[in-house]
Structure formats: structure tokens, C-alpha cells
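Undergrad: The lines below spell out each chain.
Number of protein chains: 2
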Amino acid sequence: MIRIAVDAMGGDFAPKEQVEGAMLAVRKIPDIQITLYGQNNEIAKYLTSTERITVVDCPFVIPMGEKNPVRAIKEHPDSSMASALSSLRKGDNDVAVSSGATQALITGAHLLVRRMAAFRRTAIAPIIPSLNGKGTILLDCGANLEIKPEHMLQQAYFATVYAKEVLKRPDPVVGLINIGTEEGKGRELEKTVFDLFRSSNLFRFCGNVETKEILNPPCDILISDGYTADIVMKTMEGTAKGMGELLKTELTATFLGKLGALLAKANLRRFKKRMSAEEIGGAVIFGLWAPVIKAQGASKAYGYSNAIRQAADVVRNAVYPKVAKYVQESGVVFGSEE
Amino acid sequence: MIRIAVDAMGGDFAPKEQVEGAMLAVRKIPDIQITLYGQNNEIAKYLTSTERITVVDCPFVIPMGEKNPVRAIKEHPDSSMASALSSLRKGDNDVAVSSGATQALITGAHLLVRRMAAFRRTAIAPIIPSLNGKGTILLDCGANLEIKPEHMLQQAYFATVYAKEVLKRPDPVVGLINIGTEEGKGRELEKTVFDLFRSSNLFRFCGNVETKEILNPPCDILISDGYTADIVMKTMEGTAKGMGELLKTELTATFLGKLGALLAKANLRRFKKRMSAEEIGGAVIFGLWAPVIKAQGASKAYGYSNAIRQAADVVRNAVYPKVAKYVQESGVVFGSEE
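Residue numbers (the working numbering), protein chains in the order written: chain U, 1 to 338; chain C, 339 to 676.
FYI, nobody ran anything at the bench for these hints, they're computed from the structure. Honestly, I wouldn't trust all of these hints.
Stated by the list, open to error - Pulled from the structure, derived: some chain C residues nowhere near chain U, Cβ distances all over 10 Å: (1) Asp-350; (2) His-448; (3) Glu-548.
What the hints assert, rightly or not - For the chain U half of the interface with chain C, some residues (derived, Cβ under 7 Å), not all of them: (4) Met-64; (5) Asn-68; (6) Arg-89; (7) Leu-145; (8) Pro-149; (9) Val-166; (10) Leu-167; (11) Glu-210; (12) Thr-211; (13) Cys-219; (14) Ile-231; (15) Leu-246; (16) Gly-260; (17) Ala-264; (18) Arg-274.
Stated by the list, open to error - Simulated crosslink set (EDC-like; lysine to aspartate or glutamate; CA at most 20 Å straight-line): (19) Lys-529/C <-> Glu-66/U; (20) Lys-405/C <-> Glu-188/U; (21) Lys-486/C <-> Asp-533/C; (22) Lys-241/U <-> Glu-583/C; (23) Lys-185/U <-> Glu-404/C.
Even for Gly, the Cβ is constructed at its ideal location relative to N, Cα and C.
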């Protein structure tokens, strides 16, 4: 059984969607058992089945808009988020899932789960949709707003192992997000990272990739610093959402449009589904001693159950032990500790 | 008459689309006259009407993938781009339009048109689509990849005047692109710019804006450094293009889908049009002594004619003289020259 810790109180619609998502995941995935961390009385309102689900009562909740994540995590080891994270280090669970405040989760993961010994920086890595239907790993979506080239090398390496082991890509390719494809484009960061990646033999590197190709990139993994990649993800999200609204407005503007939309209902539903973040699950936090999955704050039950499925996949494919082993065998030293 | 210099040779489909775009613009806009700068024999292939259009023969063309823009501009004053730009300083034209290589155009504009005395940095400012149909000014799309806060203050101020005078927004609002809306979010750059903008009374500032709201922002102007804003623009472009393809694929996948799409044809066309860069024209380069419009490299005749229309609007509304006057009257000193 894969043991999954769920922070039931983190998220815009917690604990309802988290509890319902957990029940949905248990029904769909036979080899998981879930521990819900959160306020017993709140969870009880929605928990209609306790098959392979247990609850650990946690009185405190770290709010979504937490301004001081370090203090919040340190002062509230009894919070749902801190308790879920601590359960990994104690050996009670194999993986943790939370849709709580991102910065608090990253801070908590550093303090309570800790980094993998060889890794100097973590990274938040969601899988974004792609036209070929396979998805692209995008990182770092907000863990390190400013970062050194050698830490990006680590992150790209971790993503390569993840792409191989979980996404089953035989020979994953890494692309560097940039404002042009030619060598020498971008800021000092991009120029240095380009040279570093090209001279490394840790993974395949296809060079600079423009975000004009964000849905159709020539690679499996797209990397940038934690500020830029987060902006890219949110721009995609905003454009997709806005275009969906615009399409709806235009289609419902005339009788013929409405009729056409009715006939093409199934097609439009598939279109929506293919661009939906709900299908993808959460973002993996790379570089930790044990896996932590960040689900979207706005997750509904279905999306949350997909984040739980993803958590189970990471454990089932032993991604973290494999990364640790590869790193040891490769003898790579990843920059200095600071 | 508004006198417009057109670099007929810059662009992925030059000079065909540039020449046809110029003829289209002349037919639609009565108070303009155009000078085409480029290779006479190439232009002659497409120029079927010379009403209010003259040609200045320029033997050299700066290629789209120019690696060394400074050298290209300096060594080729006889190129179509350099000649079009130089014509402003000479007083031969009021505004220049080019869809040539961006970095060459920016370099050329600095060397041959020069900055407005009070301004320390230029900015590339396209207008991106918005759900309300009015559009949002986005800057800086690639002129200064790394930039100081006080230079962003200048750019935002220039954009405010442009929004008032050309876009006729009575009281334009500036928003700072960031990874969260709360104060204190982002890198050092965003934190400093936030404080600087909030303490300034040059324009209205609504604080941080997430790119999740890129099509529906609470402001008229969205600003970031030249790297980030360019990434935002290209991510929007890529997402919109990819979603368009995905919609087409899904709608044509079944008979009912095709039938529905046929009925809703006019609606789908309006949808496409509302997200199209072709409708918007080009990006204004802010901060120069005279206006220069950067049209998209991939412009077709229709899109190019819209960039020419925009160039005419900038001159007709006397944006540049007004900015110069406002700056003088406000007595603002915009940081140091370096």
C-alpha cells in the first residue's frame, strides 16, 4: 500500500474538495491509503466513507494568504500542513499532498521534509498541457525566484529522471525558456545556463525555446528561474481561461452560434478538458528527501484526486530513490551549498 | 499629410506584405503619405499603385536573424531600416514603421532617431487583447532585458500619456506584473518598483497584477522588465495559437462537430479575430525623439496596414510632443544617465 498524507485544510475550497477528492482517489486507485490531516469536526461534515482513509486531528490551519510562512510553520507544528509534512520524515507516509499556500508549503517542506543531500535547491514542477497530449514539465514555478545556473542544472537533471520514470519518456529533452532561439539570446542567466547545459552530459539539451511554442515545444522539460516559469504558467492559465470565456461569449451571441455549439457540445467539452489544469493533477516539488505534491489552491475534488493519483505514481515508480541512486553513481557534484 | 517611412524589406514576408500593406493603408486612411525604403526592383514586383506612395531605393537589407545589430546598423546606413529611421531625424518623415529584426530596430532607433532628452530608456509596447475589447498596453517587450526601477517609472509614465492621448482612456491605471497580488511579492526588482510607483504621483497605480488576469487585468497598462514582458507576450501568443489549433482539431474530429462549426462559422471567426495580433497593429517604441512602430515580423498585408494606421494615430494625436511638454511641465527628473 502506498501511504499518502493529505493536508485536508489547505486550499480555497478546503476541506470539502480535499475530502471528496480523497474519497474519489481511493475508489479509483486500489493500492493507496490516505491519512487526512485537519480539523476533525470540519472533515467529518464531508467524509462519508472511511475505506482506507483515516483522520489525524490538527487544530491549526495555515491560512492561504499567509504573509510570514517561516513563522507560521515554526510556530504551528500542529497545523494540518506541518503535520502532513512531518509524517514523511517520521516514516508514517510515503508522499504528501497539499493545496495550501505555496510559500508556506515550500518553507515547510524545507524545514520538515528537508532536501535530498545532493540537491541544493528545490523546484516546483507542474506538468502543463501540450498539443501532442503528453504534457510538458515546466519548472521552476516559484520555489526560487532568483537562482544560480548550477542549481538549474540540478533541477533539470531531476526533471529528466522524473520524465523517464513517471512519464515513461525514454530519452527526455530539456529546453531553456528564452526570448529567442539563437545562442546568445537572453539575460546573463540564460547565456550562462545555455553554456552550462550544452557542456553537460547529464541530459539531452535542445537549446533555447521561445514561449511562442509553449503548447508545442521541441522538448519534454522547459526550465527557467522561479519567477519567469511561474509567470509563464500563470500567463498560460490566464490566456486559456480568457479565451474560454471569449469563445463562450461569441458562441452564445447569436442563435446560429448557440445551435452550432449545441451540436458540437461533445467536441467543445473535449477541447476544454484538454486545456484544463484539473486533468493534470499537481506540481511535484523536486529535490526533497521525500515527495511532496502541490495541488492547485483552487482545486475541486476531481482535480485533487488527480494530484493524489500523481503522488501515488511518484511513489510507485520509486522516483526519489532512483534520483538518489543516479546522483550517487554519476558522482556529480552540484555546486556549492549556500 | 502625415508622412510615414516604411522599411519595406524588414519582415518574414518582405517586401510583398509590406508593399501590399502600404497600398491598403493608403486606400483606407486619407491623410497619410508613405515612403517605401527598400530594393527598387523587388518593391516594383508588388507595387501596383503609386498613389501617395514613393520609393527610395536602398540596396542593403538587414537580415531578420542579424546577430550583431550594432555593427549592421553602423556599417549599413544605406539599408532599408537605417534609411527609414534616418529620415525622421532629417525631417523627411513623421513616423517610421518596420517589421525587421527587433534588436536591430531598437539599436537603429537609439543611434539614428535618438532618445527623447528626458528619457533614459526606451520600451517596446504592444497592445495586447483584453476581454473588454479595449486592449492593454504591455511593456517592456524586449528593449531592456534588465532594467532599473526609475527607468520603469519613466516607461510607465510614457505609457500613461499614450493611453490618454491615443487610446482615449481618461484616467489610465498602471499595474505591475508579479507572481502574486500582495505587497512584498516578487523579486527585489518588483519590491522596489512597487514602493516607487506607490509613492509617485505621476500616474494611478493599482499594485501587483498576476498574469492569470492577463486578458482581464484591473488596469490599462501592464509593466515588467524587458525579459519578463516579452515572455508574457510570447506565452499569450503561443497559448492562443495552440488553443486555436486544438479547437480546430476537436471540432473537425466528428461529423456533428463539423456541422456545429459550420453553423457557428461567423461566431468562430469573430472569436479568432478578437484574439488576433493582426487586428492590433504593431508595438510602439516609447522614449524616442520621434515615433517608431515595430510591426510583427510575421505580419501579412492586413496586419501591416494596421501598424501603419497606428503610426498615423500616434502622429495625429501628437503623442510625442505632448509627452515632451508634460515632462517639462512636471519638472520630473528621471534617474541618472548611464
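Undergrad: Of the numbered hints stated previously, which ones are contradicted by the structure, given in increasing order?
TA: Hint check: 3, 4, 5, 6, 8, 9, 10, 13 fail, others pass.
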